[in-house]
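Enquirer: Listed here are the chains, written in short residue letters.
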Amino acid sequence: QSALTQPASVSGSPGQSITISCTGTSTDVGGYNFVSWYQQHPGKAPKLMIYDVSSRPSGVSNRFSGSKSGNTASLTISGLQAEDEADYYCSSYTTSSTWVFGGGTKLAVL
Amino acid sequence: QLQLQESGPGLVKPSETLSLTCTVSGGPISSSSYYWGWIRQPPGKGLEWIGSIYYTGSTYYNPSLKSRVTISVDTSKDQFSLKLSSVTAADTAVYYCARPSLIQGYGMDVWGQGTTVTVSS
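Line by line, the protein sequences are chains A and B.
Taken in order, the first sequence gives residues 43 to 152; the numbers are from the numbering used here.
Taken in order, the second sequence gives residues 10 to 130; the numbers are from the numbering used here.
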């Protein structure tokens, strides 16, 4: 299985919105609505931010939202804050009962 | 509150077997709502799923690592383990254990803090 495709980096100013894309295939992102997004700050473990394409775990800000169209999922962060600066990873459960991650996107809040 | 804690040697010699254990505390490992998994992150690189196990013992592995990976579970100790054989420098990474949740769309909702494993002679 190949890693999901994410842009290497994105940036935005405080208060703005950004979107990170995650492209897979019909056997992962396009196969099920089991896409998750993780936030990882340097030296820390990843944190689940979105599951089931667009659902937020308890405690995650509603500034984070997710969507999917075909084989591409997206994470949108609105009202950017300095604390949002981190690496973001998408992940999908696949039709082979495995998991696959994206290569990661570094978000810079300028 | 459920917590996961990785343990094992921080240094492994090339060609040997890497062995790590994840201890689950604050909740039972024998739950039908969750899998248990291993993920790694080489220095400066992204996350790579290694494999997952259900409490029944059913295992699921990354095809690229399948020939070298064994994941097992010990429900009596609330632990699950990873063995990766024939390691090389490319296996140097931070290794995380995590809990994929059926309730949250197979998302990994709880993570260990990670343990660094270096492969070197």
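Don't read these hints as lab results, they were simulated from the structure.
Worth double-checking, as some hints may not be accurate.
Examples of chain B residues toward chain A, derived with CB under 8 Å [unchecked claim]:
(1) Pro-37
(2) Gly-55
(3) Glu-57
(4) Trp-58
(5) Tyr-63
(6) Asn-71
(7) Thr-79
(8) Tyr-105
(9) Pro-109
(10) Gln-113
(11) Tyr-115
(12) Gly-116
(13) Met-117
(14) Asp-118
(15) Gln-122
(16) Gly-123
Computed beta-carbon distance windows for the label pairs [said to hold, decoys possible]:
(17) Ser-59(A) - Thr-26(B): 44 to 54 Å
(18) Pro-23(B) - Val-102(A): 17 to 27 Å
(19) Leu-20(B) - Ser-120(A): 41 to 51 Å
(20) Val-102(A) - Gly-53(B): 42 to 52 Å
(21) Thr-68(B) - Ser-44(A): 19 to 29 Å
(22) Pro-18(B) - Ser-120(A): 38 to 48 Å
Ideal Cβ positions, reconstructed from N, Cα and C, are used throughout, including at glycine.
Enquirer: Next, verify each hint and record whether it holds.
Expert: Each hint tested on the structure:
1. Against a cut-off of 8 Å between C-beta atoms, the interface hint on Pro-37(B) is violated, since the closest Cβ of chain A lies about 20 Å away.
2. Satisfaction of the interface hint for Gly-55(B) is found here, the shortest Cβ-Cβ separation to chain A being roughly 4 Å, below the 8 Å cut-off.
3. A distance limit of 8 Å between C-beta atoms decides the matter here; for Glu-57(B) the minimum to chain A is near 7 Å, and the interface restraint holds.
4. Interface hint at Trp-58(B): satisfied, since its Cβ lies 4 Å from the closest Cβ of chain A, which is below the 8 Å cut-off.
5. Interface restraint check for Tyr-63(B): the shortest CB-CB distance to chain A comes to about 10 Å, outside 8 Å, so the restraint is violated.
6. For Asn-71(B), the interface hint holds, since its Cβ comes within 8 Å of a Cβ in chain A; the closest pair sits about 7 Å apart.
7. The interface hint given for Thr-79(B) is violated, since its Cβ lies 16 Å from the closest Cβ of chain A, which is over the 8 Å cut-off.
8. Interface hint status for Tyr-105(B): upheld, as the beta-carbon distance to the closest one in chain A is roughly 6 Å, under 8 Å.
9. At its closest, the beta carbon of Pro-109(B) sits 7 Å from a beta carbon of chain A; the interface hint therefore holds under the 8 Å criterion.
10. Evaluation of the Gln-113(B) hint against chain A yields a held restraint, the C-beta minimum of about 4 Å falling below 8 Å.
11. Of the supplied interface hints, the one on Tyr-115(B) holds, with its beta-carbon coming within about 4 Å of a beta-carbon of chain A, less than 8 Å.
12. The criterion of a C-beta within 8 Å of any C-beta in chain A is met by Gly-116(B), whose closest approach is roughly 3 Å, and the hint holds.
13. For the restraint placing Met-117(B) at the interface with chain A, the shortest Cβ-Cβ distance is roughly 6 Å, inside the 8 Å limit, so the hint holds.
14. A hinted interface residue such as Asp-118(B) counts as satisfied when its beta carbon comes closer than 8 Å to some beta carbon of chain A; here the least separation is about 5 Å, so the hint holds.
15. Interface restraint check: Gln-122(B) against chain A, minimum CB-CB distance 6 Å, threshold 8 Å, status holds.
16. Checking Gly-123(B) against chain A: minimum C-beta separation of about 6 Å stays under 8 Å; hint holds.
17. In this structure the hint that Ser-59(A) and Thr-26(B) lie 44 to 54 Å apart at CB holds, the actual value being about 47 Å.
18. A hinted range of 17 to 27 Å for the beta carbons of Pro-23(B) and Val-102(A) is inconsistent with their spacing of about 41 Å.
19. Roughly 44 Å separates the CB atoms of Leu-20(B) and Ser-120(A), a value that falls within the hinted 41 to 51 Å.
20. The hinted window of 42 to 52 Å between Val-102(A) and Gly-53(B) is violated, with their beta carbons roughly 27 Å apart.
21. The hinted range of 19 to 29 Å is satisfied by Thr-68(B) and Ser-44(A), whose Cβ atoms lie roughly 22 Å apart.
22. Our hint of 38 to 48 Å for Pro-18(B) and Ser-120(A) holds, since their Cβ atoms are close to 44 Å apart.
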